[in-house]
Amino acid sequence: MLSLGSGGAKSSKPSFVSYVTPEEIKLEKDPQKKEKHPDLLPGEVVFCSANPILKYTQDDLSQRGVFGTLLCTNFRVAFISDDAPQEEMSKTFKNKLYGENDIPLMCVDHIYGVYDEKRKLITGGLVKNKCPSKMIIHCKDLRVFQFCLTFSKEEDAKRIFQGIAHHCLEEKSLKCVFAFSYLRSTNPDHGKSSRKCITRLDSKSEMLRKREAIMFDSPEDWTQEMKRTKAQCRLVTENENFELSQRLPQYFVIPSALGDLFNYQGKGLPIWCWSHHSGCALFKASFPSMTQEDGDFQSHLDTMITAVARNYLYSVKTEDLSESLPTLQDIQQSYNKFKQYFLIDNTTDFWLSDVKWFSSLESSGWLDIIRQCLQKAVEVVECLEKDNTNVLITEEEGTDLCCVISSLAQIMLDPYYRTLMGFQSLVQKEWVAGCHAFLDRCNHLHQKDKECHSPVFLLFLECVWQLVQQHSPAFQFSETYLTVLSDSVHVPIFSTFLFNSAHHRESVMKAESPIAQSRPLSCPTVWDWSVQFDSKAQNFFFNPLYSEKVKHERTVRRPHKHKHQRQLSLPSSAFKTPTKKGFFKDETDSLKKMLRVKRISRWMGSPDSPVVASKEFYESWQQRPLDYHGLLLPSLDGPSVRVWMQRYLRWIPEVHIMGGGSVAIMTKLMELLSQVEDLKRVLEQRDPSLATQPDHPPPLHHRLPSFGSSGRLSSSFPFTYSRNRSFKPIIPTGLMQSLMVADNLANQEDETS
Amino acid sequence: MMSHSSLHARGRDVLGLCCLPGECVLQRAVLVRKKLSAKEGGGWLSGTLFCTHFRVAFVPQDSQKPDDNADPVLLGDHDVALASIEKVVAVGPSRTKLVTPTCSLKFTPEELVLYCRDLRVLCFLFDRLTPDTQAVEITYTIAKTYQPLKPGTILSFQNAALGSIEMKQFLSNRRRDPSMNWLECSLGWEQELERTGASGWRVSSVNDRFEMSTSLPRFNVVPQRVLDTELKKTFAHFNEGRIPRWCWRHPRGSDLLRMASFQNNIYHEKDDIRNLELVLFGGQQLCVIVDLGEEMPSPADIQLAHTRLRTLCLGDISSSVSVPDDKWLSTLESTRWLDYTRCCLRKAAEVCCLLRAGHMTVVLQEPEDRDMNCVVCSLVQVMCDPHCRTVAGFQGLVQKEWITAGHKFLSRINYHRESDKEEAPVFLLFLDCVWQLWAQYPARFQLTEDYLLALHDSVHLPLFSSFLANSQRERCRRSQHLPQSYTPVNGLRDVPMSVPEEPVDPPFPPVWDWALQYSSQRRARFTQPISQPTCPPPVLNGNLNTNLERSWHNDGLPGSVFLLSRSTFSHPSNLLPWRSSNSGSYWKSHRRAPSSESLSGLERLIRACSLSEPSENNTILHDPYEPLLPLLLGPCVRVWRSCYLRGALHAQAFSHPVSSCTQHPVDQLAWEVQQLREKLAQASNRRPENQIKHQEARRPESNLNQNANNGTFLFSSSRVSQQQQQQAPSSRGAAQSSAPPRPQRTASDPPRPAQRNSGKHTFLFGHQQEPQSGQRYIPSPSAKLHKRPGNSQ
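Going line by line, the protein sequences match chains A and B. For the first sequence, position 376 matches number 376 in my numbering, and the numbering has no gaps at all. For the second sequence, position 572 matches number 572 in my numbering, and the numbering has no gaps at all.
Any given hint could be a false lead.
Unchecked claim - As a list, the in silico DMTMM-like pairs of lysine to aspartate or glutamate whose alpha-carbon atoms are at most 25 Å apart:
#1 K144(B) x D132(B)
#2 K55(A) x D109(A)
#3 K327(B) x D330(A)
#4 K130(A) x E100(A)
#5 K337(A) x D339(B)
#6 K679(B) x D221(A)
#7 K679(B) x E238(A)
#8 K536(A) x E212(A)
#9 K356(A) x D325(B)
#10 K356(A) x E418(B)
#11 K356(A) x D339(B)
#12 K97(B) x E619(A)
#13 K339(A) x D132(B)
#14 K680(A) x D301(B)
#15 K158(A) x D102(A)
#16 K270(B) x E230(B)
#17 K337(A) x D301(B)
#18 K339(A) x E155(A)
#19 K337(A) x D449(A)
#20 K317(A) x D345(A)
#21 K327(B) x E619(A)
#22 K87(B) x E423(B)
#23 K118(A) x D83(A)
Keep in mind that the hints were calculated from the coordinates and are not lab data.
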């Protein structure tokens, strides 16, 4: 059992609000089934279970499987194999909350039942019908589970099926989310409010010590951030109790020119996001569409825009994202289509899909949406970096695509956000404190209302992944980190992704708090990675190739002195009036020409479309030597936007390269690193004077993930390991067997069994 | 124009161009900038642009003065040969124009874009200070000289490059790379037989004068029991006389053969039949004929796919249409290039799995035996044989399965533009397949992407004897002029000294003479900075030898033949034309494979093959002979970006000065290891009293393998380590004692280019290097430590 944070691990008796009947709870108490239970988390309660259930091993055509018990708890659907507990092979990347056969309830995407060889999507209506012979669960992290229900008693099967369907698919209230019962059992001492305050402070200070993330839930955090970016804005503390607006955070920053104009529920209010060091800044606002002919409101918005403009140089550029980017529904539909290609329950289909692979990916349009978002972010960056104008991005709500674009722009502009800590702070600032409606968008409660679901946060992570992919040394965190983060959205323990806004969180937490007057419960944030992973596994979050900022190193490693090497961030004039007097003609000119010639089709219609403009910007950025600690722009052309292989392919054994892929390079790297360490140590022993080397390049590694030395790693490491399932080869029988001389066949079996 | 060049006819141009002997500078332009690709570091480089008879050369402003005494390198790092240029485009202030020899420019070009046949795009920018005349003239000059459309221009190109007396002399004095197997003489084939541990086969010189088959190599490997006189009768039964020939032996005892289709309208005498069967079965009882004729893409398909891929990647400048970003993937799919790659890899993987079963001959059959057979046969070996993943081994493989085997390079590459119908980049398809394997298993290859790229590019240069002929016969005829009489005795046959004084006929070097083409820095990147993990030489699986013995006995019995086609086995009665009358009785019951298995049967077999690996004993984790089975599903087969997309406009325009500043971390670390080692060595030299202690410290790491091997094998340690270093430690242990090591064999160790390029990462792992010294003296601990610094300085 885990020991979590301040609360200790004594799982007290369940005191959760539940709609399970007492009989179901009694089932848990059944003594003979006790040993079949997983390590329950504090506050976790088993609803129902069934045995034996056959879980198909996914990559097997012969419908082979493992027998075991299927349970449904208030946290997860768990399958416990009957086989002897698998030796904990080098499973360094184990999630402490749920195992590889567990599905957190929030993570369930769709459930299919197989009735007479026909697959049907289970909806509310079908649950009451007869039990299917086979249940297929598609998870939001793209795992696919197939359970055969025919081996257990019929009522058991029916109960487990209905239980799972009920708990996974039915609409439920936020109170039933596991986080709350988890909280109560991890905070047993809620009676003493004074002590609670201390623990809260403790955890807070501990968090600060560990430097996980800046939470942006206090005025100090915001002041510090403003100081860091040298912003000249005003911190608003009046919304501390959400008197101004419930859709706004407790604390936020607005242009200093803005007086007290908090009308219209904060609509149109420009929220400061980030300041460029030149002084111009990025703001976001919720702008309702202008249909209403309300003169007052119109002038209100005008005032707002003016206030933004006065922030710096009296210039502002507004960008209505809902006009130029796909709608939330488009994003949702496109993603639904896209993920289908990776949810494979029939491998033969997958084998056949390869011929149409690229065009089917393309037809989903998901990659194109990613491209559009990145493109838009580049445009925003251009305004800030090149034109030095203030930018105000707007949207109906101001909390969806605004978050995507503003966070992306900040990652591109500010190297701080490319560190792990910075990235987490950014998500905290723009998304959590910025009131992104995680609860609605992720559909944690399985609401039927389809309108508001949309994987916006995932879209953001996808865009970041593209950047990580293209400029990996610039990022302190790894691809694995992003993948894990995208999974954690569906783990119903973290307060980070559980609420629609700051106000929502405060009110819910207050209501849930057992004693109304005491401070609200403190929920673990997702940034406390120790809840999910031990420190060894957390090393995988770090990119070993991250090039940390070292001044002297850059001069050493750059042999070419480029004539046109410019300063990292340019004075505003440098771009506006290209120097024509130089020795060479301005290269952007010729490039523009060439581009126009080559890819004319792209902007034939509107020669001055923003695409052209940003291309130019891109070009001029390109000519400067790449600085991983400066501006970073993604390349967006056809071949550059790729599929996030690790996230989408990690559960598909067919595409795992045994002993290959990038992991192979990484292992090699680690080998070399350890060799360097060894050699250094030996050298130091021998001759301490030699140990310090002047020309020694800085260490590449930040923290080394430990790769299991033995065992071959597959390309989907660390999510799946080398498959050590016993697998009998399915040799085409008949002729192939007759091809083999008898003893050959014996050999074959020896080797493969 | 020529008068101008005569000033600089010898040696260096005033502006730093190091001319080849006899090379004439036709035109030059100063103050030109070259746009660098991402691979070169991105950004711009200013310098001088030259156009000579032979190449368009670019000399950077502040480049180091080349060493005058150095051997000539045909192309500098920034040069492009005229023959590889495909299109010249001039970009003016307001327009672009495709420049042809006849057209006239009405504007002063600001930019010159050269589209090359190898998918590179070079972009030069003229400055305002470049004299207008120079800009115009050099554009014209390039446009007039590059066109390799007629055989005449090819010839003059070759002469420009290699025709001068000095160059001819230089070429004729060049030594061949002794570390690779050229397979041009019987000795080479014998080495190959020995390396793979194949017994029961012999090298036949029956085709020595190309009398039996004009397209087959001089020497062919056939079963030992077939006499040359008997063998002669079999040629007539095959298309073009391309009889079944041994190519490779799998360590589990299967043999890989290749042949052309059967001649059907021929009478089979009884004696013939016996010989045919013998040739087909080798010593085995089973024979699986893999039909490559139907399912594989035809050369025409490949050509079409490649053209489409080119258009996609380079854009079509004449119509100035390019694929919009959001349609890129589907357009890529519609080129079908990746499909064909997948198809070849799949077939090869199937064959690998077949071979793995052991004790059979697998015969690849293609009507001509000159295209897909080459692809599949060599892919199988790359997958199965670690030796073929080293540079030397790979070169030997190409030599064996392509160059001597008679792939029609000249027609397929179509240098002369004479055989447009025949043109098909089959070899490039093969390189792409190898790249796919490399991309999936980078750690299992000694060669690198850079090497594959270099080979890819040299295919487009009509200078190499390897690619300038359709068969070995043509090649011999060309280089000797006396094909019928002269038989080389040893393999180290140099290009004859006395080339007749015809200027039209320069001697062509082999493509493997990389020093001729690339600077040593480029060549250093051909091999991985880190050598492969030393795989212990496989314990000779006993069944190999014993079973071999067993299968020798039943020679009288006619073996059974199966056809593998479309991933199913079948036993059609007319498979072997000579058996068609009396066949069917044995195997009637197995006429057809069940249809349910037809599609995915072998795929399952392949997967089973790959799945069974981890469950094997942990100590043989890296069994070097476990085939590298490529993954062929949609997401796994990828575009060779650094080849096809390097010239693409977007890739080019978006090139960034990345790689110049930062080496790949592996390189960097490797460099660091080397530095540390040197330091360590220095330190140990200074304080010899510490040496013993240090040696002890390092021993567990480096010598573990040797010690272990000494326990297993009864060889001396140097012998073992030599084998170990060979990385293809063939299963030849049993034969070892009988075969005394020959000088050639020791020389055929893969080159860790220790002496040649002392600069980079060569001494990464002491224990990898030690064997080289160990051959001369027993590696005592102290010798090792002294050896290393000595070499690298």
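For each hint, the structure was consulted:
1. K144(B) x D132(B): Between K144(B) and D132(B) the Cα gap is close to 18 Å, so the pair holds against 25 Å.
2. K55(A) x D109(A): The hint holds at about 18 Å.
3. K327(B) x D330(A): Holds - the C-alpha atoms of D330(A) and K327(B) are around 18 Å apart, at most 25 Å.
4. K130(A) x E100(A): Answer violated: K130(A) to E100(A) is near 29 Å, above 25 Å.
5. K337(A) x D339(B): Holds, at about 24 Å.
6. K679(B) x D221(A): violated (49 Å)
7. K679(B) x E238(A): Distance ~65 Å between K679(B) and E238(A) Cα, so the pair is violated.
8. K536(A) x E212(A): Status holds; Cα separation ~16 Å.
9. K356(A) x D325(B): holds (18 Å)
10. K356(A) x E418(B): violated (36 Å)
11. K356(A) x D339(B): Measuring from Cα to Cα gives roughly 10 Å; hence the hint holds.
12. K97(B) x E619(A): Measuring from Cα to Cα gives roughly 23 Å; hence the hint holds.
13. K339(A) x D132(B): violated (57 Å)
14. K680(A) x D301(B): violated (56 Å)
15. K158(A) x D102(A): Between K158(A) and D102(A) the Cα gap is close to 20 Å, so the pair holds against 25 Å.
16. K270(B) x E230(B): Answer holds: K270(B) to E230(B) is near 12 Å, not above 25 Å.
17. K337(A) x D301(B): violated (33 Å)
18. K339(A) x E155(A): Not satisfied, since the Cα-Cα distance of roughly 34 Å exceeds 25 Å.
19. K337(A) x D449(A): holds (19 Å)
20. K317(A) x D345(A): Cα-Cα ~49 Å, so violated.
21. K327(B) x E619(A): holds (23 Å)
22. K87(B) x E423(B): Holds. K87(B) to E423(B) sits at ~19 Å (cutoff 25 Å).
23. K118(A) x D83(A): Roughly 30 Å between the alpha carbons, so the hint for K118(A) and D83(A) is violated.
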